[in-house]
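Undergrad: Residue numbers (the working numbering), protein chains in the order written: chain Z, 1 to 266; chain V, 1001 to 1632.
Hints listed in this document are in silico derivations from the structure and should not be mistaken for laboratory results. Backbone N, C-alpha and C define an ideal beta-carbon position, used for all residues, glycine too. Any given hint might turn out to be false.
[What the hints assert, rightly or not] The calculated DSSO-like cross-link candidates involving lysine-lysine, where the alpha carbons are at most 27 angstroms apart (straight line), are:
#	chain 1	residue 1	chain 2	residue 2
1	V	K1537	Z	K223
2	V	K1122	V	K1077
3	V	K1077	Z	K84
4	V	K1630	V	K1325
[As the list claims (entries may be wrong)] Over 12 angstroms on every C-beta distance to chain Z, these chain V residues come out as not near it, computed from the model:
#	residue
5	P1082
6	S1089
7	A1092
8	D1142
9	V1179
10	K1213
11	D1301
12	P1342
13	S1387
14	S1417
15	A1465
16	R1595
The primary structure of each chain is shown beneath.
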Amino acid sequence: MSPTFQLFDSDMAQLTPDVFGVWETAPSEGAISFAALEEAEEVPVWSVNLSSDAFLAAHELDACLAQVATSRKALTIAESRIDKLVAQTRSQGEVSFSVSAMDLPPAESDLLAALDQIKGGDTVSFGLLDEGQAALGEAQEKFQRVMERVAQALIYYALVETRLESRLVGKTGLTWAADAQTLWASDAPPEYLALHRRTLALTIASRNALMRTFMLTAQGAVKLSALLATPGGAILALPVAWKFINQVMAEVGHYLELRQTQPQGV
Amino acid sequence: MSDEKLYFNGINGASGDYETPPMTAHELAQVALGGKKESQGPDHYAPVYGVDKKDLSQTGWGVIFAQGDDKQTEALKEALQPLLDHRRSQAAKTNETFYREFTGPQAYKPGETKNAFLKRHKVGPGPADPKKMPYYLLVVGDPETVPYMFQYQLDVQYAVGRLHFETPEEYHQYAQNVVLAEQKAALARRATFFGVSNPDDRATQLSAEKLIKPLSASVANPNWTINTLTPEECKKARLASLLNNAAETPSLLFTASHGMGFPNGDSRQFKHQGALLCQDWPGPKGHKGRIPEDFYFSADDINSSTNLLGMLAFFFACYGCGTPKLDDYSLQQTGERPEIAPHAFLANLPRKMLTQGALAVVGHVERAWGTSFVWDTAGPQLAAFESTLKELMDGLPIGSATEYFNSRYSEISTMVSELIETGQTYPDQLNEQELAGMWTANNDSRSYVVIGDPAVRLPFVEGGAAPQRPSLEAVVASAPKAASSVSSASFVVAPSVAPAEAPVDVTGDVNYGLSDSVKQVQANVQDLVNKLTETLKQVMDDVTSLEVRTYVSDDLTGVKYDYTAREFNGAKLRAMTRISLDGDTLNCVPDRGGRVDTDLWQIHLSMVQQAQASRAEMLKTAMSLLGSLKAL
Chain Z
1 MSPTFQLFDS
11 DMAQLTPDVF
21 GVWETAPSEG
31 AISFAALEEA
41 EEVPVWSVNL
51 SSDAFLAAHE
61 LDACLAQVAT
71 SRKALTIAES
81 RIDKLVAQTR
91 SQGEVSFSVS
101 AMDLPPAESD
111 LLAALDQIKG
121 GDTVSFGLLD
131 EGQAALGEAQ
141 EKFQRVMERV
151 AQALIYYALV
161 ETRLESRLVG
171 KTGLTWAADA
181 QTLWASDAPP
191 EYLALHRRTL
201 ALTIASRNAL
211 MRTFMLTAQG
221 AVKLSALLAT
231 PGGAILALPV
241 AWKFINQVMA
251 EVGHYLELRQ
261 TQPQGV
Chain V
1001 MSDEKLYFNG
1011 INGASGDYET
1021 PPMTAHELAQ
1031 VALGGKKESQ
1041 GPDHYAPVYG
1051 VDKKDLSQTG
1061 WGVIFAQGDD
1071 KQTEALKEAL
1081 QPLLDHRRSQ
1091 AAKTNETFYR
1101 EFTGPQAYKP
1111 GETKNAFLKR
1121 HKVGPGPADP
1131 KKMPYYLLVV
1141 GDPETVPYMF
1151 QYQLDVQYAV
1161 GRLHFETPEE
1171 YHQYAQNVVL
1181 AEQKAALARR
1191 ATFFGVSNPD
1201 DRATQLSAEK
1211 LIKPLSASVA
1221 NPNWTINTLT
1231 PEECKKARLA
1241 SLLNNAAETP
1251 SLLFTASHGM
1261 GFPNGDSRQF
1271 KHQGALLCQD
1281 WPGPKGHKGR
1291 IPEDFYFSAD
1301 DINSSTNLLG
1311 MLAFFFACYG
1321 CGTPKLDDYS
1331 LQQTGERPEI
1341 APHAFLANLP
1351 RKMLTQGALA
1361 VVGHVERAWG
1371 TSFVWDTAGP
1381 QLAAFESTLK
1391 ELMDGLPIGS
1401 ATEYFNSRYS
1411 EISTMVSELI
1421 ETGQTYPDQL
1431 NEQELAGMWT
1441 ANNDSRSYVV
1451 IGDPAVRLPF
1461 VEGGAAPQRP
1471 SLEAVVASAP
1481 KAASSVSSAS
1491 FVVAPSVAPA
1501 EAPVDVTGDV
1511 NYGLSDSVKQ
1521 VQANVQDLVN
1531 KLTETLKQVM
1541 DDVTSLEVRT
1551 YVSDDLTGVK
1561 YDYTAREFNG
1571 AKLRAMTRIS
1581 LDGDTLNCVP
1591 DRGGRVDTDL
1601 WQIHLSMVQQ
1611 AQASRAEMLK
1621 TAMSLLGSLK
1631 AL
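Produce the entire structure from the sequences given, and follow the hints as far as they go.
TA: Set out below in structure tokens:
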């Protein structure tokens, strides 16, 4: 059977089809209310369903862990590309978003175009003014919704489940700060329990990577604000930086996919 | 052997307890006896014969950067350019070599000792000779890159200060402030002494009685207005008024209080460690648990419109100027030096004061000790404090005025060496009380540092002229105007802002050509950033212990998870571990047939280890995220 890695969270499901190319997002199975809170809120459920062959299941989990690790590396690449773009743009002698003067990858071109829209300058890099503004507005709205969701997710719990061919073997209630309450099946062999620990590691790594994405988005926005030279420019650059980072991560993911599908050797 | 306890300065902001519990002389002596001998210091702490310490063209002035990132060094130099140009014009007036910039291969090498650094520059021990090495030396860099120990040791013979800010704008602001103060400020000769005496707290009662009171009396001078506040007046609101209200701001401020300490990695540690605990704290009996911000004065309490131009301050408080990464006191006792902070750092309050116009702040790194000013049965010993303040009041630069602490450090260091040698050779002759006191005094006197340019001094009004405290010129980073091969952040000086003026509202009347829709987005996203920041802070504040529980059930489908109580209903709780921030650990171990169920215990332990590693990683990321959000 094919393994499945799912994040049951209705908001995230509307915002993105997957998290780091590992977790397929899906709507929650039902709202859960907290006695301590004024409104019913969802708790994200990170659920994996693996092969009952423990060795194969471990391999599947390791592959996903590697993919999340790759996403972290992609974040570093995105950061350095922002640095390079800022340096390159400034070395033009004056702040200019004239893309024709530079040979840039699509993500960088889109980013400069978005900054241009924000600056409201004369130079329009791509397409019609209306199209540029619409794209900017969409990025901003999406970023706001993701940010709201992350802000909420930080104070709530997550539930992590490991199933082997649909049989539940382990479940953990996890706080953001890693307090954990774990439930084991009393007859589960040790290798199954080890699998659930790997699932936990994958979930924690994914949440951490999500937080790092925000961190680099904020840092990227501060750097990009130097190109805007506008009060509050860093805030305005946040959605733009977010979109850029996600584009770079998708590029890196696609590149690795291609590498994996290429025939090896002669 | 005396059972009298020695009390140490410093309050833990998370627990509300003393940072260092009181201990007897015997206990402290045991710590010292394991210590290494301190090397003997020289007797003379000044430049060579004939040099006027007020004249930089005679003393020389230098700035020391760290090797590593040349681009960053260039950016820092650019940010500090106004100060560097100003000092060059003073120090190199008659001899160009009296102005030095230690950059590139000449800069401080990672891990270098003071001796190695000086030797590399062809300088050996002895009085500072400006022909070889300037007397005034400004270290630029954080205390992880250029360690505190380097600063302490270099400061023994030279007049050393340090700068480290988070942004180039802050460096530029400070550089600008110093030049403005030296060229245009003329302050009234007014000093304020702020001495807290918290109820049932021996440390601050001692400092109020034996330091503040006699010290303020001893520096009385007909040319100066000395304002000594009573302890009851030394509340946070009063300190806020002294600093934020230009009419009250003195040119010289001396405080004595506890300094706030927080557990390693606490969310408030970088922000508030070293903050001054005011009279608002009702003492150890009047308040238990976490110390609220209402009780202490931190960088957050300085307004962005505050003008401290020309001021010098001296804080007697634990961590008042900084915190090292490793505990300075545990090595001898336990063989280990536990981490007290994720990394060494400068305190935020003095740095904030510097960006708001203060020229320098003298204070303590690590914990401060009462032996600074009370010497056993000899009673109050204020000579170092008194001499330093008098020199400042006479207009001497702060780096040279604090030489009295350096010479005290060296003197005590030789006495500690002698006692340790005696203790090791003739154990029955060892006077533990004397060793304990000497050891703490040595540690204490070593750790006074100057944050700021060591060559700054109070800019007094002369003759019958009216005092002047010019408005600060705010610094705004702008895009570069011309291509340059160097990192080309240039700094635009905004129009002067009078102290009472409110900060500019970027969404208000200032027209930068932003459309209404963009402004709305900006406001929405700013709200979200603020909310996320507060959420992060709240979550991190609530992280006081780590708890891991292991449940077992024969039928998992029948088990429900209660999110509020954080437990599984319908399953059996078999093991639990709770680890508090202070390291206290509670373990509930599973049993099977009257014996420990070792298999399940091993599984549980692996979960605990995973949780510990995860928490550390998440906290690290969260702190970085918080820092990034605050930079927006």
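Undergrad: Each of the hints needs a verdict: does it hold here or not?
TA: Quick rundown of the hints versus the structure:
Between K1537 (chain V) and K223 (chain Z) the alpha-carbon distance is near 24 angstroms, which keeps this suggested pair within the 27 angstroms criterion. Using a Cα cut-off of 27 angstroms, the hinted pair K1122 (chain V) and K1077 (chain V) holds, with the two alpha carbons roughly 24 angstroms apart. Proposed proximity of K1077 (chain V) and K84 (chain Z) is supported: the alpha carbons are some 22 angstroms apart, at most 27 angstroms. Pair hint K1630 (chain V) plus K1325 (chain V) holds up; C-alpha atoms about 23 angstroms apart against a cutoff of 27 angstroms.
Listed as a non-interface residue, P1082 (chain V) keeps its Cβ farther than 12 angstroms from every Cβ of chain Z; the least gap is roughly 21 angstroms. Chain Z leaves S1089 (chain V) outside its interface by the beta-carbon criterion, the shortest separation being 31 angstroms against a cut-off of 12 angstroms. The beta carbon of A1092 (chain V) is kept farther than 12 angstroms from every beta carbon of chain Z, the shortest such distance being approximately 33 angstroms. The Cβ of D1142 (chain V) lies farther than 12 angstroms from every Cβ of chain Z, with a closest approach of about 18 angstroms, so its non-interface assignment holds.
V1179 (chain V), annotated as away from the interface, keeps every beta carbon of chain Z farther than 12 angstroms; the closest lies near 25 angstroms. At the 12 angstroms boundary, the C-beta of K1213 (chain V) stays outside the reach of chain Z, the nearest C-beta of that chain being 47 angstroms off. The beta carbon of D1301 (chain V) sits about 25 angstroms from the closest Cβ of chain Z, which is more than 12 angstroms, so the claim that it is off the interface holds. Annotated as non-interface, P1342 (chain V) keeps its C-beta farther than 12 angstroms from every C-beta of chain Z; the closest such distance is 16 angstroms.
Even its closest Cβ contact with chain Z, about 46 angstroms, leaves S1387 (chain V) beyond 12 angstroms, as expected for a residue assigned away from the interface. Interface exclusion of S1417 (chain V) from chain Z stands, the closest Cβ pair being 47 angstroms apart, more than 12 angstroms. Remark: the non-interface label on A1465 (chain V) is consistent with the geometry, its nearest Cβ contact in chain Z lying 38 angstroms away (cut-off 12 angstroms). Against the 12 angstroms criterion, R1595 (chain V) stays outside the reach of chain Z, whose nearest CB is about 18 angstroms from its own CB.
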